Structure formats: C-alpha cells, structure tokens
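There are 4 protein chains.
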Amino acid sequence: MIIVTRKGVTAEELDHIRERVESYGLRTHVSRGEERTIIGCVGDEEALRHVPLLSIPGVEAVHEVLKPYKLASREFAAEPTRVPLRDAELGGRALVVIAGPCSVEGREMLEATAHRVQAAGARALRGGAFKPRTSPYSFRGLGEEGLRILADVRAETGLPVVTEVMDTRQVELVASYADVLQIGARNMQNFNLLTEVGRLQRPVLLKRGMAATIKDLLLAAEYVMSQGNPHVILCERGIRTFGTETRNTFDLAAIPVLKRETHLPVIADPSHAGGRRHLVAPLSYAAVAAGADGLMVEVHPDPATATSDGDQSLDFDEFDAMMSGLAAFAEAAGRTLPRAAMIAG
Amino acid sequence: MIIVTRKGVTAEELDHIRERVESYGLRTHVSRGEERTIIGCVGDEEALRHVPLLSIPGVEAVHEVLKPYKLASREFAAEPTRVPLRDAELGGRALVVIAGPCSVEGREMLEATAHRVQAAGARALRGGAFKPRTSPYSFRGLGEEGLRILADVRAETGLPVVTEVMDTRQVELVASYADVLQIGARNMQNFNLLTEVGRLQRPVLLKRGMAATIKDLLLAAEYVMSQGNPHVILCERGIRTFGTETRNTFDLAAIPVLKRETHLPVIADPSHAGGRRHLVAPLSYAAVAAGADGLMVEVHPDPATATSDGDQSLDFDEFDAMMSGLAAFAEAAGRTLPRAAMIAG
Amino acid sequence: MIIVTRKGVTAEELDHIRERVESYGLRTHVSRGEERTIIGCVGDEEALRHVPLLSIPGVEAVHEVLKPYKLASREFAAEPTRVPLRDAELGGRALVVIAGPCSVEGREMLEATAHRVQAAGARALRGGAFKPRTSPYSFRGLGEEGLRILADVRAETGLPVVTEVMDTRQVELVASYADVLQIGARNMQNFNLLTEVGRLQRPVLLKRGMAATIKDLLLAAEYVMSQGNPHVILCERGIRTFGTETRNTFDLAAIPVLKRETHLPVIADPSHAGGRRHLVAPLSYAAVAAGADGLMVEVHPDPATATSDGDQSLDFDEFDAMMSGLAAFAEAAGRTLPRAAMIAG
Amino acid sequence: MIIVTRKGVTAEELDHIRERVESYGLRTHVSRGEERTIIGCVGDEEALRHVPLLSIPGVEAVHEVLKPYKLASREFAAEPTRVPLRDAELGGRALVVIAGPCSVEGREMLEATAHRVQAAGARALRGGAFKPRTSPYSFRGLGEEGLRILADVRAETGLPVVTEVMDTRQVELVASYADVLQIGARNMQNFNLLTEVGRLQRPVLLKRGMAATIKDLLLAAEYVMSQGNPHVILCERGIRTFGTETRNTFDLAAIPVLKRETHLPVIADPSHAGGRRHLVAPLSYAAVAAGADGLMVEVHPDPATATSDGDQSLDFDEFDAMMSGLAAFAEAAGRTLPRAAMIAG
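Protein chains in written order, with the working numbering: chain A, -12 to 332; chain B, -12 to 332; chain C, -12 to 332; chain D, -12 to 332.
Hints listed in this document are in silico derivations from the structure and should not be mistaken for laboratory results.
Just so we're clear, the structure is a prediction, and the values are computed from it rather than from any experiment.
Misleading hints may appear alongside valid ones.
Not everything, but these chain A residues come out facing chain B in the computed CB check (under 7 angstroms) [stated by the list, open to error]: (1) Thr121; (2) Ser122; (3) Asp154.
Beta carbons: idealized from backbone N, C-alpha and C, even for Gly.
Build out the structure end to end from the sequences listed, making use of the hints.
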C-alpha cells in the first residue's frame, strides 16, 4: 500500500498516519517530494486492505501495490491450469467447444442437439435446468427433471454436462448430476454460492458479471479456490455499457488480459455477448484469435420456438457452419480442434 | 408488441410472422408505410415476451408496448404504498432516516450508535450481521451473534432493525430477528432469494444492482411481490460507470423516475453511492430534494477503526450535523422530519 | 509519480528504471517491500507525464501523485472564483439561473421568453444560434441572425447572453455578441476551440462531455485558463451510461466533488441531464441542495412546437412553478435567489 | 414513427396527437389494443424526427421505424464501398494495415518506421502532425513541419499518408499533404469539421467517439457523405466503460454490426483500444477474425522514448511478429495480406 499525503500535511499528521499503519504490523517508509510526501507500507498488505486510510487526516490517496487475489494469480501457478472434463480437458492446446440449448426443454430436443453438436466437434453439452430469469413470469426451467435428462444424454453420448446452479440449497443436487457447475453472471458475487461450490471438487464455470471488473472476477474465482476447489473456468460473456446494438458489450480484450493475469482457463460466450445469431460466428472466431481456451455456444433444434434465448441460438446448420469456419482460426491460433470424424472414429 | 419488418419484406414472410403471433392467441394489425410495414400485436403481450421474434425471417425490430412488471407499476395501486416500520412508516409524508454501522462489530458500539442516531432523528437502525465482501479474505460479519445484538438494541431503543440476508438458507433465521430484510446490490437478481423473502410478510429493502436498469429493479421487486409480499422499499445506491472519483455513480434521477413509475417507496443510500464521508451530506440533501422517501446512512462511533466501509461512514458529530442540515431540505420538499426532542419527549 | 515494479524485478532492471527517471531531472527513492519494490520519483512530475514508463522492463504499475491540472485546482486559488455576468456574478452566494430556449427560433419567441424568465428570477438568457445536431438533416440554428436577436433582447432586458460557439472560425463573431461563450459537451475536448476561447477575456461556460471524467473536465478548463482566461464556469449535464430511462445519467455527485477539487463555479443543466420536462424541477432542486452555484434551464413559449429539445423544455408556467419551488431549497442551501419583485422593483 | 399512448388516453387526446402528426404531412394509422392504443405514422419520418412527440398529452413512448442515416446505410449501396488509397484500396478483399508512429517526431524516425512497416506488409503510413492532447501541457505535434515530413516519406516509399485534422481552419492545409484525413475520437461530433472534410474528395478516416453509439458513428459519417464525399472509413478504437484494465473497452462486436449496417469499410485500432503493447497482436487478430477490412497500428523505433502513446506502440520487431502472426488469421477470414516479398519484389 502506498499512501499519498495532502499538500501541507503536518508533521503530527504524518506521525499519526505512520502509527496507524505500524499498528497493523507493517513498516513505513517515507519519501518526501517537492509537493507531496509519500508513505510506502512494507509488510502484509492484506492487513491494511480494509482499514479506512482515506479517513485519516492528511491522507489524499491510497494505491494498492499487491493484487488482492493470490490463488487465482499467474504467479501462484507455474503452469496454466487444465480442468478435466471427462475425456477432454479445458486449458490445454485443444480448443473446447461447449454447446447446447439455453434451457433443457425436453428429452428429444436435448438428444437431437447433443448428437448434432458432438458430430460437429463440440466436447461438452450445456443446458439449463434451473434458469435465472429477469421476470418472475418467465419459464424457469424443468428443475430436477432437466438434470435427469442431461445425465441420460451424457450416458448416451459421453459428453460431459455443464449446467447452472443458482441456489446454495441446490448445490448438492446439481452436483449429483453435472460435470461442471455453472455460476451465472447475476450470481458472480453471490458469495455464499461461490463458497458452497468451492467445497466440492467439481469444476466450476464462472461467468463474468455485467458490471464486474477483471479484479472482481478473479476475486470471485478466489472465493471458490480458497475453499479448496482449484478447477475454475472463467467465462467472458459481455458487460453492460451504453451500447444498445448488441445485448451486451463483448469485452474481447478481457481474454488476453486474463490469460496474463491468471493461470485459469478462459472461455467466451458469444451467444450472450452479442445476443443475435448473426454475431455468434464472428465473435467466436475473434475470441479464439484473441487466445480463448474454449467457447460456450447456444444451439437449438428450432430457435424460433425456443423457450428462452431463441434470438441468439444457432440452429444445427448454423452451428455446423460456425464450426467449419472455426477450424482455420483455431489453427492460426496454434490450437487443435477435434473434428467430427475424429470423434466419431 | 410492435413488430417492424425489413424493407422489402415479402408477402409470405408477412403471413408467416402473423401466423406465428396469432398462434399465441394475439391478433395482428398491419400498417403499411412507405418503407416499412409494421405489425401491431393485440392481446396478451406476456405470451409473446419470450418468443424469439427477431429470428423470424423478415423481422427487423421489436418494440414492447407494455411494461413487463404489473404489481410494481404505478397503475396497479391507487395510492403510494406505505411500508410499516414499527411506530413509523416509510412512504408517507414523514421522511425516514435509517442509520447505523456497516457491520455490527459488537454490542457496545451498536448501542452507542443506536442511541446517538435516534437522538438525532433516525427512525430505524441498520447493521450488517452477514456481510457480502468482494474478497474472501475480508471480515464477513458476526453472523447470528450480530442478529442477537441487533434485536437487543431494538428492545432497548424501540428502533426497528434493517439487516441484510444473503442466502436462501438464512432467510428464516434473519427474519426471526429483523424488521426489514435487506437485499444487497449484488443479490438484486438472486431470484431464488427474492422468491424466498417474497413468501414472508416482512418488509424488504431492495438495493439496486450496479448494472441494473430501472426496469430490472422493478422486475426484481415484482419477484418479491408476486409471492404475496407487498412491502418492498426500493433503494438507489449508485451504479457502475466510467467514473472513478466516487465509489459509484449516484443516479439521482432514478428517484423521480421511480416515483413516477411505481407506487413503492424509494430511498437513497448516499454512503455507498459516494463512498466518501464528505459526500454523504450533499447527496442526502439532493436525494430528499429530488423526492426520496428516506435515506440509509452509515454511522460509526469511530470510522477510522471500522471493519468495513470506514471511508464512507459518518461519525456521531458528522451525523448530527447532516441531520441538522437536512431539516430545511425536508421542509422545502414538503416533508416532515422528526426531531430529537420530539422523539425523546 | 510512483513506480511499482514486478515481482522478481532484477537489480539491472531497477537500475535501468532509475536511470530513465533521473534522465528527466527527477530523483528516485527506492522502497523495498516483501513482494514488490517501489520507486518514488521526486521532482517535476510533469516531465514524466508522457514517458511510457509501463514499457520499461520490470515496471508493473505507475501511479500519479500530483493532479495534472494546476490553474483549475483548489490549491491554486485562495478564494472561489466569481465570474462576472453584467450586474450579476456566478460563484458567489446568489444562485444564478440561466434560462431560455434551446435554439433562438425568432425574435418574438425570444423576447417573450426573456421577459418571462426574468420576471421569474432568471439572471441570464440562454439561446443557441449555432446548434450542434447529431444528424446533418436537423435544424442547425439561425446563425448570425440568431446572435443579433440575442443582442437585441439583451438590450431590452439587460439579461446577459449565453450562447454556444462550435467552431474556431466563429469565436470572434460569437464573442462580438455574447456575454458568455458556451462550449458544448461534444466539443469539450475540441482543444483548438478551447485554446481560442482562452485567448479572450469573455467568460466560458464549459459543459462536461458525455464520457468525460472529472479530471478530463478540469483539464479542459485548464486549456482555457492556460491561455489567460480565468473565467470558466463548469457545467454538469449528465454522462452516458447504460441507463435508458433518462436522456443522460445526471452525475449529481460531480457537483460536490468539483466544489472540492476546484475554485471554479459549478452549475447544472437539468434539462439535458434528464431529457424530460417532469425531471427538470427535481433535478434542479437536487443540484442546488448538492451545492451548485447555478442552473441552466431550457424554457420555450410552446415546447410542443420547439425546433429542438422540446421534450425537455419547460413552458412559462412550468418555469414559474419550478422557480417558486426552488426558493426554499436555495435558502436551505444558504443561497439567495433573486425574486421577480426584487428585479422588477 | 410509432406512437404508444398512455393507458386511459382520451378520444380528444388521440385526435390531438393525430392532428399534430398529420400537420407534418404524414398519415396516421390507429391500432387499438387491450391496454394501449398505438398510432403508426406513415410518410416522411424525417419530418417528425425533431417534433417533441413525448410532450403531447397522452403520449407514453415513441419508437423510430427508420434509421436516421440514409447515405451510410447498407440499403443505399448495392456493393461495399472501396476507398482508394493510391495503389491500394480499403474495403476489398485485401486487408489494409496502416502503421506508423503516434506523432511525427522527426524525419529520421519516420523514414525508418515507414521502411520497416512497409517491408512487413503495411500499405499506408500513419503519423500525427497536429495532436489532440488531454492536457494543455503535453506535446501537440510538429504542425506543418510534420506534414512536410510525411509527404517526403511518401515520396520515398509510395505509402499513402493518414494524418489527423483537428480544426476547420486546418482542413485545407492538411488536405494539401495527406491522402487520408483522420478525424479523431474526440472530434467525431465536431460537426463543422465533419462538414468541411465532406466538401473535399479526400478519403476520411472517422474514429468512433468514446461515448458514441453505432448510430452516432453512422450519423457522423452521414455528415461527411451528405456534403458529397463518399469515401469514409470507419474505425473502432474502443469505448469508455467501467473497465480500468485496458485504456478503452474494445467493442469488437461493433465490427460485424457495422459490416451489416453500412457499406462503408471498417477498420480497428488495437493500439488505442487496449493501450498496452502486449494487447496489440491479440486484438488485431480478433478484429480480422470478426471481419475488419483493415487495422491501424502504432509503431515506433523506440517506444520507450516516444513523445506520446509509447506504452501502446510496437517496436519494429514486435510489428514484424504481429504481421507474421496475422497472415494465418487473414487467410482464415478469406482475406489476402500483401507480404514483404510481394511488395519489395
């Protein structure tokens, strides 16, 4: 922590600031400038994090020196983290595409989708059983019935299942079916939920909140990791800005920034970021070009009849086309992308 | 719902759009312009809300006609809602100031604070027992011990208690102590939590999320109300924008906009909005001038030693001064503000 | 300037960083922490402002210590600046309301407006002759004819005239008619225009840009002041955020923040901030409650026929009502507000 | 234009609304719903654009049906516009990379840069002679001397020159040297400047403003085009959001949205968008993957000594590496990228 004092700070004020800092076990180091005096605080910065330093007379500004996350930081791990997903893993050289409907609407539609996306190269199946909806009058998912369908389709296809958990009371239930527990954007700072999923050893897919900074996202990951669960996948899915032409503003640069800041794998959700079908392919290609380890894409047998997110869901042919186009970008990015043939073979 | 079609839409496309809309039980009404044809959809708009109309060939844009919330809308209630708070009520002519520490740190500090803020005119006591914290390494509150202290101090002073509930599993526990259940900004779209507090008859203080629009906030209130709980207090506490000079950006205009859109009472939280002590008074005065029904203000016996939010907490003298200044603004706004003498008397 | 080095920075890197800083004439002061080493740079920070310090190997972060503006900063002036406006002044105890139409549409409408707003207590007349319009197909003002009308109405009423200048080529012309040169939000960083108006001794009303931070606004003022013109009035008129319920997001807290950061007077423009007539009064009252030195309000004889901004313009009766309501808030804020009678008398 | 009326609108109000609309030469078309009545306005929507419809009693909301820009819209042109740049053109299959220093600092550095970027495949040279700077105390460019150097280096290399014009008074001067006139982000809504560059036949590179929507950007292009200049290049360079980890937030999705909305070519500026050297390559690759027609990249012989933007400028080797990496992405996107050999040959 670095403390910048006000112009004309008095000797008494300086002494008082130093005493306060030192009372938390840190040492202070004073550097007198021509207009401002600066106090460097040496020691365990964590101890100072919540001290209201700005309230001490004579203090003008405070700058953090250390990042508030530890386990999620790049420095903490020698190698990028690879999250196991049954036969696959996320965070290695192979690009992982997770695909499936927004909501599990029934067995048949999920089976059909799973087979088609698998044939096109997807390595995991997404599908919501518990759905967070902005309006209380919207469809909120099939609940446990949806989870059972997901598990059955996994049994058929071998595709690991990614599904959302919204409530601390559902963690155990969802974990009994899912391979990856998804935390939605609106729950990114539901700290009790983060704590609960951190207590399991099941991978967590953590979506960035609409108003979350990179630091907020990494602190949310830290919540999970600090409970003992090292398998967190970060997902950029767009932030809220003044823009209205897209559902959210896809913060593409977050991908390379995160790849530099953390050892955790980073994926993108082009469906929610853009909110329109025609944007899914260009955003997917861009995400991979920028270094993403994977994608999560909404696919539906008939988007026009989807119970949710139909405007941003690809139909099967569109998904096939997107995956075909993706291959060259994956290669340009030094990634491998498993093909239908390889999997079917 | 109004559907705007693309330039050059074909007759087949128009027919298909109409059929889709009519299949949901609405009637359509076509208006041909020189460049665009418009389809008005007459009937239960709710049925169309989640139909992916933009995905139907020929559709260019879709405009909602009705507000997606009902119970929270101005039209639903003849009179402004008044939320009972023991002897007081929020939403009437009397301005209600809720004051107290960010976190309950102990019995003595809470007692001292309660007595002082009551003497200065506060009508309710705030204090966190369960604290949402951005970092997993921060103090997260005293938990049930904090609730017990709040209840004890209420017994002493008669001040109703406002405290946060963060987890569906804690709703019953918190409700057994609190007069008002606070839903924090980060949980504004924790829909399961909203549903749970909606099942009680305890008033809910709902803080606006950092990226929440007015519509999002009212839909969150609708979640609570649709479960049967009519007593929701809305709280503007600042949104996240590009600004860095304040902790959040206080969206003052949200107050008169909400007063026009809904019958629910609206308060402001100047402490979180500004994030600095010197901003609490001007933001409070402005909120009242703009029509707020109340304020929620952080007060601490010694802000410099507070475990959380010390930089934005007033000390006792500052709170007294703020309340003294507030009286004239309350009067200018046609509000009454109970004084120390009146209460003490 | 404070330089934070990367974890594991080498001695060579440290030496190189210090050499670079010292080559600009500053001294360096090294403070070794447990995880990070910090280099304080003592001397003329301005010399370092544009050195790409982040590009030097071993540097992780750079924090500014001094504000980049000087003349506009609080520290530069012992007293708040008072800007003369003919008989009145802006920045003293008397609240100054500037009122008038968005655009000067003709002589009669301006005369009528000027007389009515003056009777209600306005101390200056606004009206656009050169209008910045988002679309090239919109009405762009009467040009010099509009300026002539403004000057004539000033001759009749004695009200000083505030009008916008958009182009360096027009500065001389506009200054030959106007008492105050307004720089619009879209031109807040038109640095050549700021420089030109800085060369005159005419007061400048500088509106905050839609994406401008407080620092950006003060640097724009610094442009004007650094040319020798000390009379800059700052105007908060809303910023652009994700909000859509109001035209802009009124950043009310900018008012007390600016009053603390600078000696320049600060006014608010509730018409542009809210964009709707019913918001003008509550936003005006709030601005005054938060410490604004004045207001700029759009008033039109018949808003429904206005060529621009009709949706946010008050009619005469609405303006009268707003001014009546304002009196009590002005008094609560320790301000005086001249009344019709006083002026008429 | 579609007008939605308030619930309970009276017959008189309806009549009055229709009369107002019809007085502008449009026809009205009323559609009565169960809760709301809608009035479709058929005819020249432009005539209604600035009528304050929201101020008419009974009106609740107004929706535009037509885009406010014409010449810039996709529908206006059968084919994508190709902007000639000497031997090259922007907007065709060949990707165009514009590279060079932020500011022209001298002849030697510009020559060296031009030769290196040309060898690596750049097809145009950028360099600022007039620099917009946030602070009045920063270096503002060499002025006409800078323009002369640019022209000399063009004579040597054949590279067309892109340089900024900031002031209506400089348009003629800058145009006498430059091949492309750049309008900076801060001047995107300097409407007089847009008008002036629209009067020439010189291509204009229009950078998106920090708070500009897609619609605002296209209306700014419309200003230029409505004066007779069809050669506008749009440039996404990041918008201002709550994010602080990058200089701006790169709105990647704007690229495919613009490619759909307009026939004008679209490029990206990864240097300003990210603000850090290590982000230039990933953002460039992503922009091309998303459909950009070109890139504008800052390159400097020694970024650590640059007078401006050093932290985001690539050195020669970094630029070479970026261009090498770009080839595969260009190919994946169906684009050609001229190589050093081809040009040198």
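Here is what the structure says about each hint:
no.	hint	result
1	Thr121	holds (5 angstroms)
2	Ser122	holds (5 angstroms)
3	Asp154	holds (4 angstroms)
Of the numbered hints listed earlier, not one is contradicted by the structure.
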